[in-house]
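If you read the protein sequences in the order shown, they are chains A and B. FYI, the working numbering numbers position 98 of the first sequence as 98, with every residue one higher than the one before it. Take the position in the second sequence, starting the count at 1, then add 1000; the result is the number in the working numbering.
Calculated directly from the structure, the hints in this document are not laboratory data. Fair warning: this is a prediction, and the values are worked out from it, not measured in the lab. Where is the CB? At the ideal position from N, CA and C, for every residue including glycine. Hints are not guaranteed to be accurate.
Example chain A residues on the side facing chain B (calculated, C-beta under 10 Å, incomplete) [stated by the list, open to error]:
| no. | residue |
| --- | --- |
| 1 | 5 |
| 2 | 18 |
| 3 | 21 |
| 4 | 22 |
| 5 | 27 |
| 6 | 30 |
| 7 | 33 |
| 8 | 60 |
| 9 | 65 |
| 10 | 69 |
| 11 | 85 |
| 12 | 89 |
| 13 | 107 |
| 14 | 111 |
| 15 | 114 |
| 16 | 118 |
Derived lysine-lysine pairs resembling DSS-like cross-links, with alpha carbons at most 30 Å apart [said to hold, decoys possible]:
| no. | chain 1 | residue 1 | chain 2 | residue 2 |
| --- | --- | --- | --- | --- |
| 17 | B | 1103 | B | 1035 |
| 18 | B | 1035 | A | 50 |
| 19 | B | 1130 | B | 1013 |
| 20 | A | 84 | B | 1086 |
| 21 | B | 1086 | B | 1035 |
| 22 | B | 1086 | A | 90 |
| 23 | B | 1086 | B | 1013 |
| 24 | A | 84 | B | 1035 |
| 25 | A | 27 | A | 111 |
| 26 | B | 1013 | A | 111 |
| 27 | A | 4 | B | 1035 |
| 28 | A | 2 | A | 81 |
| 29 | A | 81 | A | 111 |
| 30 | A | 50 | A | 90 |
| 31 | A | 111 | A | 50 |
| 32 | A | 81 | A | 50 |
| 33 | B | 1103 | A | 2 |
| 34 | A | 90 | A | 27 |
| 35 | B | 1013 | A | 81 |
| 36 | B | 1103 | A | 84 |
| 37 | B | 1013 | A | 4 |
| 38 | B | 1086 | A | 50 |
| 39 | B | 1086 | B | 1130 |
| 40 | B | 1013 | B | 1035 |
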Amino acid sequence: MKEKPNLQDIHQGDSLPSVSKHVTQQKINLYAEASGDFNPIHVDEAFAAKTPLEGTIAHGMLILAYASEMMTQAFGQSWLKGGKLSIRFKAAARPQDTITASGQIDSIEYKEDIPYVNCSFECRNQNGEVVISGGSVVRLQ
Amino acid sequence: MKEKENSSPLSFKELPAGFEFPATSYELSESIVAKYLEAVDESADFMALRLVPPLAIAACAMTALAQSFTVPPGSIHASQELEFLKPVPIGSRVSCRGRIAQKLARGSLNLVILEIRVLDEGGEPVLSGKATIAAPG
């Protein structure tokens, strides 16, 4: 992981490095163990089958992690100490979905001589359905 | 993972705007981070740097907060804002504070906006954010 990107390599309109992941029930279960979120809609297949969702769904924050990985790949440790995001969860991700996070640099602005990179991104499933959409800002310092 | 200072779940519906949840502290241990990285299928860069992925901090904070109250069945996590302020080393103990910032009625849904703040052992903020939970009316 890089410390921070070279500002000269960053341009408005550049694509962020996309990240694709396959969601499995095993990963959802592991995520529940790591986060402590054992809501049955995520981990209890028998329970979830009887709900309107008709099956388990991934934690929204699990899918958001894919977007965060994309931001880390693009901006390194700057993302960890100067990143902001604002997103909406638009649809559920399910086991066997393949989710792709992609985005672009919308603008670069300076506040008190510090560069801020504004990005927009989304996570889509294999059918092109948007699961998460949002924006992010990274302070490069 | 967590050690709660008050373990009684509170009724989400009855909590007023401005309500502050009991502080919760937890350790972001190597085993939690390893499990998290496997779950999100992320490279081991964070392990090599001995840093906790920022979304792992956020996820644990959200879960810690969510265990302080109950939500009606059918509630969904509608939106999320996060700001990462400082990298957190693996093995750190952090504390999470949360409050109900706003309660709104939108059609048949009740929206609740939760504010979260995560502080390190020195009391410095490492993460802040807002989550919107949409609950059926």
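Note to self: To test your reading of the hints: which numbers does this structure violate?
What the structure shows: The structure conflicts with hints 1, 2, 13, 14, 15, 16, 17, 23, 25, 26, 31, 32, 33, 35, 37, 38, 40, although it agrees with all the remaining ones.
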